[in-house]
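Colleague: Take a look at the letters that make up each chain.
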Amino acid sequence: MAGLGGGLGSGSAALELLTPEELFLLSRARVSLRRPRGTLLGSHLSRRTGTSLEFADHRPYQPGDDLRLVDWALFARHRRLMTKVFSREVEAPLYVLLDASRSMALGEKFRFSVRLSAALCFLAFRSGDRFGVYPFRESPGFLGKPRRGRSALVRAFSALSELSPEGKTDFSSLALWAEKIREPGMCLVLSDFLAPGFREGLRALRFSRHAVAAVQILGPADLDPQIFGEARLLDVEEGRAKPLVVGRAAQEAYREALRRWNRGLFETCLELGVAYFLFPSLGSPVEAALALARRWRP
Amino acid sequence: MSFASPWAWLWLLSLVPVLILHFLRRREREYPVSALFLWEGIRPDRPHFLERLRRRFDLLLLLQVFAVLLFSLALSQPLLPSEKPSGATLLVLDGSASVLRGGVAEGIVSQAREVISRSAGPWAILLWANPPEILCGRTSSAAEALQALSRFRPRLGRRPELAQALALFPEPWPRIVVITDNPAGISGVEVVQVPRPENLAITAFSVRPSPDGTRYEAFLRILNDTHAYKDVQVRVRTSSGEYWASRLVPPQEEEIVILPISGGRESAFVAELSPMDSFPWDNVRYFAFSGGEVRVLWQGEEDRYLWAALRAAAPAIRVPSSPDLVVAFSTELRENPRGPSLLVGTETAGFPRGKLREAGPIRGEAHPVLHHLSLSQFRVGKVWESTFPAEAQVVLWAGDLPLLALWDGPYGRWAFFTAELRSSNLPLLPDFPILIRNLLGWLLPEEPPSLLLVGEGLRLPAGFSVVVEGKEVEGLWAPEKPGIYELRRPQGKGYIAVNVPWEASFPVSPAAEAPYVAALAQVSLPLWPWVLLALLPLLLGEAVWFRRQGG
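First to last, the sequence lines map onto chains A and B.
Each residue of the first sequence is one higher than the last, beginning at -4 in the numbering used here.
Each residue of the second sequence is one higher than the last, beginning at 798 in the numbering used here.
Worth flagging that the hints you see were computed from the coordinates, not collected in a lab.
Remember, predicted model here, so these are calculated numbers, not experimental data.
Among the hints, erroneous ones may be present.
A few chain B residues that don't get close to chain A, going by computed Cβ distances all over 10 Å [said to hold, decoys possible]: (1) Pro841; (2) Ser1118; (3) Gly1280.
Between beta-carbon pairs, the in silico distance windows are [what the hints assert, rightly or not]: (4) A:Arg290 with B:Leu816: 55 to 61 Å; (5) B:Phe800 with A:Gly234: 54 to 60 Å; (6) B:Leu816 with A:Ala244: 45 to 51 Å; (7) A:Ala244 with B:Phe863: 48 to 54 Å; (8) A:Ala244 with B:Arg1344: 31 to 37 Å; (9) B:Trp1342 with A:Ser146: 53 to 59 Å; (10) B:Leu816 with A:Gly234: 18 to 24 Å; (11) B:Leu856 with A:Ser146: 55 to 61 Å; (12) A:Arg243 with B:Trp1342: 21 to 27 Å; (13) A:Ala244 with B:Leu877: 32 to 38 Å; (14) B:Glu880 with A:Arg243: 53 to 59 Å; (15) A:Ala244 with B:Trp1342: 26 to 32 Å; (16) B:Arg1344 with A:Gly234: 54 to 60 Å; (17) B:Phe800 with A:Gly224: 38 to 44 Å.
Glycine is no exception: its CB is placed at the ideal position from the N, C-alpha and C atoms.
Hey, can you work out the whole structure from these sequences and the hints?
Modeller: What follows is the structure, given as structure tokens:
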């Protein structure tokens, strides 16, 4: 296990985000995709034919075919020339779009998101895929291309360690990002989705032929706020305040409003063909990453 | 519980502004939220008045109310009724010689301070010594009583009877506390016993001449009142030399030492025990023979038993004439003897002797001559029928026959002893020399005793004086220190040995089994200091809680 962390070069950044035990758990996971969307050669079997060792089908021989691909055993049996066709192995680029607005700072949400991003990058690293972390606020923060390999992982971990939540959430910046990064891949949007405009952002990603998953992360203060009595509610992003006497009825009304909001998010995801996941920020980000690898099959 | 200043409860009115300020204070707390728009449409809660009141009653208000209550309570000066040992307390401090052992006097003073501090007063302090002394009269000031304890000075003498000391305070005291190191013989009062330190002591010292008159024998009893074996050395000093003996004395045991002393005639002896300890006064003891020699004119038959008893009772020597005492034994005197005479089975002129008759049971009259005698052990076979003067007093009877008669006649003091000694067991009894000593005490002129205790008063006869620190003291004399004192008298020089009381060296007797129950008195304890003390952590907790709430 020590080798996992040590193999990352600048191990301190990695170890701040993920412990050796968590890296060991992640190293045993395997990501399998139904339709990998990468174009470069990789480790995921695609539905397209190619030159991998995985046999896919026979097709009638056509002049020009490589005679080494002719199935001579079949010819001996049926007196027909048939050429063997193999699957193609492609890569699946991973784009982690991380909400780095100020609202994520409440209730350990940002910390959870950062660690989940690190875990996902490590999964992609182990699969030999390219990956990139793109924090977004009012505008996309980083527009570089995804990279592969250990040095890319170290850079991603360092960037995640230095990241801090600030600014406002603006899902329209996802559309800007989609215009810049045109290579289709797996897009994971990590956010609390407690801001309007997520529909446009997710739609822009889908229109760019990405496989998209909306990962909603909510803290205990979002799910069950412990506010009682005469309160002054302060929006951490907009700075607006609202005085309110909070009792049981007000708390129940808030929970109902949150349920309605999340239902709208879920229906939007369903409509756009976007996978939807909800994780509480007090849980384990590694468990969340493993659940994503297991349940999300784009 | 009562209150010295009940009007201070009006301070409870300050609760009103405290409550008003508490309820008027704005209590809106700020909560950061991720999405304020989710709260936009929510109507504020309007809970029931009692519910709002309940919410407003937080821990801080409770602490404030409690602090005001405690403050008012402290100002009202609450008094808690309590029972203390009875107020009027007479402290009797043992000031006898044994208290001079190391640490005992300090222990007595310490216990006295504790009794004073735990009782309500008034107090009086009495020094139980010889003579008793009032250290502090009745006073209600504890400081004065404590100051009087500095005048506590134990003395080397014996303590008198407790009732004699208490007679200095004729008024009744509800509580009498005796603080002593030796509770023996004390009853009916509260006793506080102070432990004694370990001690090595000479608990008995006596010297007797040998029957042949050539030497002396010193008898000593050594007490090892410690918890370890002690290797002790005993030294007896006379004017002519020193005599040594060593003994290994087991713990808590006594050892008897008999030391032969040779040489000429001696009158004063000093016994010393080493090693010394914290009570050196009983490591040195003194002994002196009373008076000088008794010159005896012996008439009649010889009897070595009677002579040995005489020698044991006094330093007797025989003389042919001018005697101090005439002893006639079983003879017929033609002339009546002049001066003190002991007539044993003897007939004199005018007082004929009859026949020998069987003796009856022995019975005695109340007379000093019979002191310290066990008459039940006396066995007399035959008694001479004798004729006595009419004024003679018979003090001992053998059935209906006189056995011992005393007569103070014109010839001097006579003692008639009618027993036929050879038919009796008297010469074999230890009481016989005592009887002879008692008879000599009655027959011979009065002599001051040769053994005294410190503080024991002595009236010196006319012509007698004692040399004390180079000065002659006549009349009444009470020695203040142990030692050998020179006695000057008409017939020559003598000595008086003065010792500290013997009981000062004895082990402590156990205290009385039934503990004394002291009378209790009702007192009021002020509680306000404790209330203020409780207020401090309360205010501290209030401040901490206030800061924790973000105030």
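Colleague: Find the hints from earlier in the document that the structure breaks and name them by number, from lowest to highest.
Modeller: Numbers 1, 6, 7, 10, 13, 16 - these are the hints that the structure violates, sorted from lowest upward.
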